[in-house]
Amino acid sequence: MKNVIFAGVGGQGVILASKILMEAAMAAGYDVKESEVHGMAQRGGSVDCHVRFGEKVYSPLIEKGTADFVVCLELLETMRKLEYLKGDGMIIVNREKIDPAPVAAGLEQYPADIEDWLKANVKKHLVLDTKAALKEVGSAKALNIVMLGALSNYLEFTDEQWAAAIRALVKEKFVDMNLKAFNLGKGLAA
Amino acid sequence: MPKKLMLGNEAIARGAWEAGCTVAAAYPGTPSTEILEVMAADYREIYSQWSPNEKVALEVVAGASVAGARSMAAMKHVGLNVAADPLFTFSYTGANGGFVIINADDPGAWSSQNEQDNRHYARAAKVPMIEPTSPAEAKEYTKIAFDISEQFDRPVIVRITTRIAHSQGVVELGERKENTLKPFERNPQKYVMIPAHARPRHRFIEEQMVKLKTFSENSPLNSIEWKGRKRGIITDGVAYQYVKEVCPEDSVLKIGFIWPLPERVIREFASGVEELYVVEELDPFIEDYVRAMGFKVTGKELIPILGELTPEIVDMALNKKRPAADIPAYTSKIPGRPPALCKGCPHGFVFEVLKKLDVVVNGDIGCYTLAVLPPYSAMHSQGCMGASIGMHTGFEKARPEMAGKSVAVIGDSTFIHSGITPLIDLVYNKGTGTVLILDNRVTAMTGHQENPATGHTLMGEATHELDLELLCKAVGVKRVRKVDPKNIEEFEQTVREELAAREPSVIISSRKCILTK
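The listed protein sequences correspond, in order, to chains F and D.
Quick note, the first sequence lines up with residues 1 to 190 if you use our numbering.
Quick note, the second sequence lines up with residues 1 to 517 if you use our numbering.
So here's chain D without its partners, still in its complex pose (with noise of 0.2 Å):
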């Protein structure tokens, strides 16, 4: 079989397309977003698309698999949390055509606002989880998700971190599963979760989960290296990897198969060896389960439960030692290069007004976020995508005094990602408050995607372009106004005539990002 170099991500696009997923949708975010990019440029035979939300794209993904498709939503870790709600309740309807989710958590939150570790999704939401420790394993390992969802009738999540998901290595190809559709049945005590339906679907799941952990137990994605018997460390995903450089003599137990856990490998492997170690980036999960079988096991007392792990990290935690070159200190200040908005960014010219007219700014998630940062120092406050709007309203609803000294700052895709239900929460409970949405008409930080006002979809063709102005004005704005904001005067004074109105009031800032060819 060929072999090709690919990114954890661009592996996981290919299992998909072998594994014959027919259906896909997402909604970018890194460090998940070349999945479905990759897939709508080289695996044509997969219908895939960006929708508005994580939300959305699991209920399309789920509504394929009940049609009987082999189908794939892909999200960061937050992303799962916006999908949640979907998630819970499509773990019990479970799966007819094969229902992935891969999920990629963002460990030391190297484009994300929070390090949250998503293993805890597998045993809330009762799902199956496995876990990659490469690109190539990233590969069989989606693959092997659609058979195990098909297999127990349920969702499976496969969790990636940023260090597989933006790491490469050596993939070999297989070919493309064909003829994957199964027929589709109406099945309302399966797919309609009134009470008297919800209520037999869980126990259906718990006895499914019973069935999964012999599963787990028997599934090569647990394997046990023996070595030297003194040390034997548990480890999952890239830390696997950096168990395997720095303590070369001791044994390893890898764990693929995240939920359920392998019990009775992890009794044999733990009886197997004095002193037992789990290293494994962010909570101890696998730990807190050790623990509670009974073993006495080291885990976050050397392993911290903050940021990434790296293999140095490991190497002093595990051997006390790292190598080091004898080059002596360099000791002038080295001084940071932070990530900054671009030369010429149209948000920069709104942040240039928002400075000097001092007001309070309710942010959101884009590159605008930048503007927390020197040189403007123009937001101050930022939470998850589309919270803008609604603290903006909170905000207000809290001092009133402070009504025209506020604004919320939004862009176009966040917007249309959760934006629009608060602007209907600010129109409803009659706020004042004036919402900025800067419509530079791409989704630009996770690397320029289409979105429902680009006017593409993600496989190329053109579609119905959202009108963000109409929309406002639909959901009762009667102020909306349209501004370049490279006009600065211009827009300068809209701002200012909109915080003195005493009614809701959007201003779409509309200049096209810098970088759009």
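Excised from the complex, chain F in its bound form (with noise of 0.2 Å):
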């Protein structure tokens, strides 16, 4: 079984991130269950999404304290979902920040330390730059690809099955655009 968690900001593209995930998975012939955030929520808030697969998948959200990995395209967000992660479970995520509306208005402070934090206690992390990638993929959109092509270094899909999945699900005219930026997420974290 893995457990995977992705989040960052409402309009970042987690949902997509992990349908792809769970295309993979699927094809790749495991039961797979997610868990994700419509609505309200959605409007610049937080979200996230749950992905599991294994053998037999039963609940569709993730126990906290047994992530394999967290994934997070903004760096706050991640201090979110801390809990979820298990022992020796990976932290992957962006270093970019987004002040959310209470920083932005100067009512309370975007924390300082969160990435030497991170790097201080947590076994397994990585804390990617993307932005050289997202310049050369052309498009910030692209973020959660990268990211995604981060994660697949510590996964069993092969690179066919991962093209496969995001010819699934991305619009024909970005499938390019998003195997760039998925090799090039790929390369960062290697």
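Hints are computed from structural coordinates only; laboratory data are not their basis.
Taking lysine to aspartate or glutamate and the EDC-like style, the derived pairs with C-alpha atoms no more than 20 Å apart in a straight line are:
#1 K124/F to D326/D
#2 K4/D to E55/F
#3 K123/F to D326/D
#4 K333/D to D113/F
#5 K343/D to D99/F
#6 K56/F to E245/D
#7 K56/F to E140/D
#8 K86/F to E245/D
Combine both chains into one complex, guided by the hints.
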């Protein structure tokens, strides 16, 4: 059984990244379940998806303390998901910060120590700078796929399986861009 | 058969299609919205429509059922409150073509104003209710619901929760059943509920519910999974999955038939274990029933009545432990990320003005409800769809001195849903209130659905575009003004003038949603 949490901010494409992972897992013959957030919470709020695959999956939610991977598209969101991580679980996080409304309004502070804290306290961590990759792809919207590419280094699926999953879920005219983003992400984590 | 990953809601649309459903209606509402969206996009053999509200949707579907069609309504939990009036009497008139209602509860109130448990409706309205535990079951149970409906002449409710609606799983696809339209017969004794017809129909449905209890007791939707006999857990919905996850050694009774509950099966299970537990979200619906049967049972002493369950809540409750990594606690404060109005949202201009004028705002249901939060903090009451206008009238009647210092604020779709009758009331009862209709030309919060004011149907056809201005004038509002809120000075001046006017007024704040393509 593998448990993966994708987290980020509404609009970052967390759900699409999860769907591609699910598609790859199903094509590889696994039972798959997932849980996602719709509706009001999406309006610029925190968004997460729980993806689980294995022989037989019951719960669509990952139990706290059992996530193999927490993949975060925004730095602060990582901190809300820490308690899901299992002892030898891995955090993969994009270094980018997006100020939540209370910070933008000057009412609260964006913690300055998150990156250092993660490096000091989480055994398996990968803090990624995705700026150059996104520039090369030519679209900041491809962040979700860059992060998925980074995650792919630690999962068993082949490049062909990943490419098939991407083709199944993104519009045809964006396939090449997303494949490029995926490979650049893969390179970032290697 | 091919397999596909599907959301619970997508699976329900597929289930209705496979069952040969030909008519469907709904009003959008998280977590049920995607059911009809998927229908209109992928299953065009089903005529599907957005209705102005859930009551109308249920009536459209009832009419289709009487005409002989397999028909389905979908709505969120509070939507069934709106549709409760037709529900309780359509329970009497029953079904001709299969008559199915999908009801989506929202434990945790992820996107709702309350956490009501609609399992109670099944008992109160005397209709069968079934509840899947996964997307795969959501598809199968939807099909089964049509069969039960036709077999027992009852509307059937399929109850789901957010965590079924918005979770994905592997679903096996089947073929569509064709030619499901049944003959229509004029039968006023069945379809016209004057008292003389209602009394015998009441007897009939009581008899049907007795038969349905036996049916439930023999239904594969309820299943006992024997493991250890020390502990037995009765559970339903997504809670079943959590129980299977964290209590693999315990015996489990999965309840798929929520109403009527399978008494014989419960008795068999309860008698076969040393300790009996019920794990269910929200109210002790099953627990109370089991206790009334005379069994000693543990439920809400351990399982929260509030909010949504999770695997760790069930693990802690039943096993007094849960897995945890040895990561030290992070001690800096993590700022929240509440949802907020989008940058450039037309509602933002409106609330800037209302905040500045410091008026009491009777609010309503939509994206604009977010104005209750900073930076606007400019909403002071809100309850249900359409409540703003009636509450505004009541506020004025109680405090006439506040008449020029309060407003009602309601979105276009919400106004059409439930705001027209209270506007009639305001005029009829000589209120002097000011109503702001935030017309962004879309049902925005649920994800941009069409409505009667957008000029397009769910299935994508052009249609008559409801003229809100004309409508307000027709109900007797003489002062109706249409202003673009982005012209903020003009907008403020308009609000000032209408607040000062001692007669009913409507300001239509007219600007498209910033997310409209």
